[in-house]
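Peer 1: Protein chains in written order, with the numbering used here: chain G, 95 to 795; chain F, 168 to 322.
No wet-lab data here; the hints were simulated from the structure. In this text, all values refer to a predicted model and were calculated from it rather than measured experimentally. Hints are not guaranteed to be accurate.
Far from chain G, some chain F residues (derived; all Cβ distances over 10 Å) [stated by the list, open to error]: (1) A179; (2) P188; (3) R194; (4) T202; (5) L270; (6) S282; (7) L292; (8) D293; (9) Q302; (10) M316; (11) R317.
Below, computed lysine-lysine pairings styled on PhoX-like, alpha-carbon distance capped at 25 Å [unchecked claim]: (12) K714/G with K732/G; (13) K732/G with K311/F; (14) K732/G with K221/F.
C-beta atoms are modelled at their ideal positions from N, C-alpha and C, and glycine is treated no differently.
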Amino acid sequence: MSDTLPLSIINNRRMDKWLHFQSDRTLRLAVGKVELGQGNVTALAQIAAEELDVSLARIAVLSGDTQDAPDEGQTTSSQSIEVSGRSVRLVTAELRARVLDRLAQRLNCAPEDIAVEDGAFLLADAPTGHDYWNFIQSDDFDADITGTATPKPPSSYRVVGQPVPRRDLPAKISGAGFIHDMVRPDMLHARVLRQPNRGATLVSFDEAPVRRAAGGDFRVVQVGNFVAFVGANETVVQRAAAAAPQHAVWDKVRKLTPDMQEAAWLVGQPSNDRVLYSDEPPPETVVEASYSRPYVAHAAMAPSCALAEYRDGHLSVWSHTQGPYPLRDSLANVLGLPAASITVRHAHGAGCYGHNGADDTAVDAAVIAREVPGPCIRVQWRREEEFGFEPFGTAMHVTVRAALDDAGKPLDWTAEIWAATHVQRPSSGGNMLTHEALPTPPPDPRPTDPPEANGGGGTRNAVPAYDFPVKRIVHHLVRQPPVRTSALRGLGALPNVFALECFMDELADRAGVDPVQYRLSLLSDPRARRLIENVAVRSGLAGRGPAGSGRGLGMGWARYKNKAAYAAVAVEVEVDREVQVRRVWCAADAGLVINPDGGKNQLDGGIVQAISMTLKEQVKLDATGVASLDWASYPILKFSEVPDIETEIIHAPDLPTLGMGECTFGPTAAAIGNAVAHALGVRIRDMPLTRERIAAALLRG
Amino acid sequence: MPIELLVNGTAARVSAADTTPLLDVLRNELDLKGTRYGCGLEQCGSCMVLLDGKPEYACAREIGTIAGRSVTTIEGLGGNHPLQRAFLDEQAGQCGYCLSGILMSAKALLDTNPSPSRAEIVAALDVHLCRCGAQPRILRAVEKAALLMREGDRS
């Protein structure tokens, strides 16, 4: 246990911000992290139930509410259990200790003598007549959280570590549970005509044909270059928005060229450059290879949705944002309202896997609500709007260079990375889409990337965990990519682990050594070694036959951010005209796992999504914007393409919990790259590994 | 002219214009919010319903073309259908947005084929997208539901 308090407690010191005991013998746990389909809220409830010894059924969780829940920033970067979970554990352990200390004085016994059974206090197995609900006092909540209580030892856990079912799933298999389903009194539906790009100005808009296409009543709301269609009938406003772009004339529309959609375009673009981790001059004689990943979309199943009401000077917003408090601050900035006049409440959306259209949609709704005060404004983005205007995961071009010793092992390793920013939220230099269309737009976004201490962005997982004498990262943060980019699951981890772990296979091959043995000879971390050995044995990697048979086995591993959960992944592929992943073996170590079934769901989901990105996905551009606006032009993995996955969690309950939501992403991509090279006998270094790239690689030999 | 149809076994009179998508009628006129908007292009399967027992996309299907027919939505499963129980048993989902449509296709499959092979389940669900990567669990859940239904559990 670290001596410092987790950030969530530092920012929310009062006990009553977290816990509230209710008269019906339930309690409310309030948290700032939100449910995005990853099951974190269920796991946080388990932690509270464990420390308080209250049954799970008595714990309601309020998550993501700027009025009643703590500010825990964004729900990102696999931090919900590491940070919020640690906070909930400290908060609940401290409350329990405060109450039991007081009761022990009353009963003239030691606090350790008191047992807690579903919230009731027992002494020598006999009821004391006291429980949390009747013994708790307001001063239990008045003092700040000190973080000094000692939580239970993991060996005594009864709820933590159990595969508890997700709390939100029953609603979601019964046709409920999403923000999209919310109905408020006097609700109006709205759709938006999007500004094609920052700086574009609306020259003219021909309303008459749009009204004819819509076939019903609606109101046009225009604020600068922001135009919305608002009405009682959703079908009508949807049709208006679908027809509107062809009747709008814009000036200052950006000009794009086809080469911009490729990662290679980034090389040589104006960039902020830095060299990290080594001052030594790079060696002259090296082997090198370049790998790439194009722009990729979050591609949530549900286009974004938000509701907003502006009444009596107060703005209420419902959003599937990752960060209710940061969104509140953005809304205050965009609308010029005091933050105290805004309430943001989280409501469930589809899985987002990072920064998608959620927050922009909320700003759309808020801007419209201020123009149309009173009724609730429901904005639903259209499919082409989500694909066309969500921020994308940036393309990356990674060149790896190594100087080798006589045995073919790296003495000096460089990863040179070209990428646009990986985080462009308003709190990180980015802008809200809607803001850019308003009469007073914000300044151009500032290119920044997360600091190394937070895992970096373009540099995430670029530093090898191997025992190389010299490691060097050269990072070119490209200042002006052709599309808006921001956080997508794993940030730079997927392209960097793909480059690093594929190059390791290439170096092993060059040295004439089995790739598993080659890795193990350069790796001292026992947790990593154990996972690599695990998947190597289970997959039969060591005994794989010669390359070029059309079937291939390969592996990759990483410790996410070099400090979160470990995962090793081996895959078997069959390559004919296309790559088909047949089987996957995964081993992961995330320290103490709160909910093993939820964890496994995340590990496996990350594997499937990474297969999809590695084999199929690329955002396509045309002369003015995004051309991949539907599922036909942006295909993702289908049921018939999903392989059998065998995942093992290597439990380490006495070690701190490590965030596991993103840890299989990079290793899966790398494993596929290596398995395809084994199947073909030639390597494809650019994602996605498409039919065209397979044909080109075979021609190249 | 109101359009009459049977929705989850109950007669419904719909006043929406003939060209209104079935999806909008279900969600906004009949207040059946479980059928989901995903793309409006019949590409993702989020809006799948049963039309006279067969899977049909609701997002682009004009209401005027289905007068007199029988529509079943996720609400028609009742909440305790063996499929729904099996999906909970297997925790078959992450965000869950795709599940309404998938459950409807799965119901249509099991209603006509009580013992589908894995390949038959995959084929029945292949028009459905799931971005979270819950497909392995979903396939297991449909297999489990088939077993429950064969054992006579249709409660």
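Peer 1: Now tell me if each hint is right for this structure.
Peer 2: Hints, one by one, checked against the model:
| no. | hint | verdict |
| --- | --- | --- |
| 1 | A179 | holds (16 Å) |
| 2 | P188 | violated (7 Å) |
| 3 | R194 | violated (8 Å) |
| 4 | T202 | violated (7 Å) |
| 5 | L270 | violated (7 Å) |
| 6 | S282 | holds (19 Å) |
| 7 | L292 | violated (5 Å) |
| 8 | D293 | violated (5 Å) |
| 9 | Q302 | violated (4 Å) |
| 10 | M316 | holds (16 Å) |
| 11 | R317 | holds (21 Å) |
| 12 | K714/G with K732/G | holds (20 Å) |
| 13 | K732/G with K311/F | holds (21 Å) |
| 14 | K732/G with K221/F | holds (21 Å) |
Hint check: violations occur at hints 2, 3, 4, 5, 7, 8, 9; the rest are consistent with the structure.
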